[in-house]
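*Asks:* If you count the sequence shown from 1, position 276 lands on 467 in our numbering, and the numbers rise without skipping.
It is possible that some hints are incorrect.
As the list claims (entries may be wrong) - Below, in silico cross-link-like pairs of lysine to aspartate or glutamate (EDC-like), each with a Cα-Cα straight-line distance of 20 Å or less:
1) K393 <-> E345
2) K319 <-> D348
3) K376 <-> D216
No wet-lab data here; the hints were simulated from the structure.
On a predicted model such as this, the values are computed, not experimentally measured, just so you know.
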Amino acid sequence: MSVTNAKPAPLSRRFSVAPMMDWTDRHCRFFLRLLSKNALLYTEMVTTGALLNGDHERFLRHNEAEHPLALQLGGSVPLDLAACARMAQDHGYDEVNLNVGCPSDRVQNNMIGACLMGHPQLVADCVKAMRDAVSIPVTVKHRIGINGRDSYEELCDFVGTVRDAGCTSFTVHARIAILEGLSPKENRDIPPLRYDVAAQLKADFPELEIILNGGIKTLEACHEHLQTFDGVMLGREAYHNPYVMAEVDQQLFGSKAPVITRAEALAQLRPYIAAHINAGGSMHHITRHVLGLGTGFPGARKFRQLLSVDIHKAKDPLALLDQAAALLEGR
Numbered sequence: 192m193s194v195t196n197a198k199p200a201p202l203s204r205r206f207s208v209a210p211m212m213d214w215t216d217r218h219c220r221f222f223l224r225l226l227s228k229n230a231l232l233y234t235e236m237v238t239t240g241a242l243l244n245g246d247h248e249r250f251l252r253h254n255e256a257e258h259p260l261a262l263q264l265g266g267s268v269p270l271d272l273a274a275c276a277r278m279a280q281d282h283g284y285d286e287v288n289l290n291v292g293c294p295s296d297r298v299q300n301n302m303i304g305a306c307l308m309g310h311p312q313l314v315a316d317c318v319k320a321m322r323d324a325v326s327i328p329v330t331v332k333h334r335i336g337i338n339g340r341d342s343y344e345e346l347c348d349f350v351g352t353v354r355d356a357g358c359t360s361f362t363v364h365a366r367i368a369i370l371e372g373l374s375p376k377e378n379r380d381i382p383p384l385r386y387d388v389a390a391q392l393k394a395d396f397p398e399l400e401i402i403l404n405g406g407i408k409t410l411e412a413c414h415e416h417l418q419t420f421d422g423v424m425l426g427r428e429a430y431h432n433p434y435v436m437a438e439v440d441q442q443l444f445g446s447k448a449p450v451i452t453r454a455e456a457l458a459q460l461r462p463y464i465a466a467h468i469n470a471g472g473s474m475h476h477i478t479r480h481v482l483g484l485g486t487g488f489p490g491a492r493k494f495r496q497l498l499s500v501d502i503h504k505a506k507d508p509l510a511l512l513d514q515a516a517a518l519l520e521g522r
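Please build the complete structure, drawing on both the sequences and the hints.
*Replies:* As structure tokens, this is what we get:
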């Protein structure tokens, strides 16, 4: 007897939130999903070593509400990446993404992240191994270059080589990475943004999906970039000012649903927080991600103080949450 399964809708990368270490954990993603049903969310980067040699269930755990959801992997050994991609698929992730953009010394020493831009064929081998192992999409997030290999020709060589291994979606952080002398934080600010280079890449590889990342702060800017690119990815702005996501579904995906308020978002998060506390967790694990809701209105500072300072001495954390929520009423 043959069974025909309905083909799932293709994953939309029109708007996504970047993978960010220490920030885009499962609690953060659950919160962001309350603000946008359509945004593609990414995990923090997880190394192949952590999954293969550590508690992989802890790293891969997520709530069904987080979908659409992509796992970002850090690694450079094709067989290891293939095994981890299979884990991602088995755990229900919608995409697996290879990190070719992180500039930290720690990952460089393990041949992870931006240093891989100097090894296009190795990245291609990694992508092919993952694509052979899974049926979910395999994508790459990369810089426009690294110091010593920052010409446009070298960027095209990288993208073309990885494309030939079957990758069709590239998220481009439109800065080079300086691998010596700058910290990861400085690498997010000091190398200048070069949207023109990313735009030239889209013009020269029109068949590829090119997602723009780097320095995007508003939905107006998203609209503008979507004239050129197939999608936009927000990083720090989506974390520090999460309410920027509240109108993503309406403005970028044509949703007719009412825009969620700050107060509604926190109210919808409350049962999740209560369940986490009942399971032995700390409210701070979750509320550290919602501090950005307290920006730009009277009482915002008090909101942040309640959930970042007072929280550590609260005997009844949910009562404190309700006190903070009252400051969001009507907002």
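*Asks:* Run every hint past the structure and note whether it holds.
*Replies:* The hints, checked one at a time:
1. K393 <-> E345: Holds, because 15 Å separates the two Cα atoms, which is no more than 20 Å.
2. K319 <-> D348: Holds, at about 17 Å.
3. K376 <-> D216: Holds. K376 to D216 sits at ~19 Å (cutoff 20 Å).
Checked against the numbered hints given earlier, the structure satisfies every one of them.
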